[in-house]
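One line per chain: the protein sequences are B and V, in this order. The first sequence runs 1 to 113 under the working numbering. The second sequence runs 114 to 261 under the working numbering.
Note that these hints are calculated values from the structure, not bench results. Being a predicted model, the structure only gives us computed values, none of them experimental. Glycine residues also receive a C-beta, built at the ideal position from the N, C-alpha and C atoms. Not one of these hints is a red herring.
Computed Cβ-Cβ distance ranges for the label pairs, DEER-style:
#1 V:Glu119 / B:Thr4: 41 to 51 Å
#2 V:Ser145 / B:Ile100: 23 to 33 Å
#3 V:Lys129 / B:Phe72: 32 to 42 Å
#4 B:Ile101 / V:Asp234: 26 to 36 Å
#5 V:Phe126 / B:Lys42: 42 to 52 Å
#6 B:Leu63 / V:Glu174: 21 to 31 Å
#7 V:Glu119 / B:Ile40: 51 to 61 Å
#8 B:Pro99 / V:Lys216: 26 to 36 Å
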Amino acid sequence: MKVTYNEKDKLLLLQITEEIDHHSSEKIRTRADFEIQKYIPKKLIIDFSKVNFMDSAGIGMILGRYKMITMFGGTMDMVNVTPNVKKVLEMAGITKIIPIIEEIGGTKIGKCV
Amino acid sequence: MENVYENKMKLEFLSKSSNEAFARITVASFASQLDPSIEEISDIKTSVSEAVTNSIIHGYEDKTGIIKIECTLFSNSIEIQISDNGKGIENIEQAKEPLYTTKPELERSGMGFTIMENFMDELKIESVVGVGTKVTMKKVINNSNISN
Chain B
1 MKVTYNEKDK LLLLQITEEI DHHSSEKIRT RADFEIQKYI PKKLIIDFSK
51 VNFMDSAGIG MILGRYKMIT MFGGTMDMVN VTPNVKKVLE MAGITKIIPI
101 IEEIGGTKIG KCV
Chain V
114 MENVYENKMK LEFLSKSSNE AFARITVASF ASQLDPSIEE ISDIKTSVSE
164 AVTNSIIHGY EDKTGIIKIE CTLFSNSIEI QISDNGKGIE NIEQAKEPLY
214 TTKPELERSG MGFTIMENFM DELKIESVVG VGTKVTMKKV INNSNISN
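So that you can see chain B by itself, here it is in the shape it has in the complex (with noise of 0.2 Å):
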């Protein structure tokens, strides 16, 4: 996982380097957990542009992280999520709770932060 923290916007980025299953979903929500208590951000992004493969285990990840932003105040977004991701998010109905956001704030992810 790659980890960007912006302290003005107070933004926290998380790219997830790998492959989204049971198998390796409880040690990125480990480090997910770390980093949003660590920075407790206003706002989270997920980063999938390095995720080609996502099974159900990733909708209970992103929704546990979900629910710890929003404990904390705080918002999520989804970015560069790629087809076979989105089409598991969206059967699961969290693009309607979570928003996929094309860039942050006017800049192409991946350029900014």
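Using the hints provided, position chain V relative to the given structure of chain B.
For chain V alone, coordinates are given in the frame of chain B:
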């Protein structure tokens, strides 16, 4: 012609979570003989991952057992059978309900069977409590171009 199969394979492995990726990649690789689209391959990988994870988490729980996968290729479809000798499912209809899970503490979403049902063309679940569970899924591959 539908019952004449073109190819077959069997796979057996331990119910370890590190085998989830192995199982879905192996099945996807076998299915690639039908020349499926990227989306069709992705649907197969996701569904296999769901069924194998179910066997690991629910079928065998904390124990280690054997998971078997049998794949049959037909001229324009693949049938995948995933079975375990785990504890079985008491109420299959309830298990299939979206968002129903017996393991919310593991952040399980209860979407496994819903995904299998939607991503594949056919889904059959057979289970006997104390004996095991067998999930049979079928995916039609459009424009399949099998090479013998």
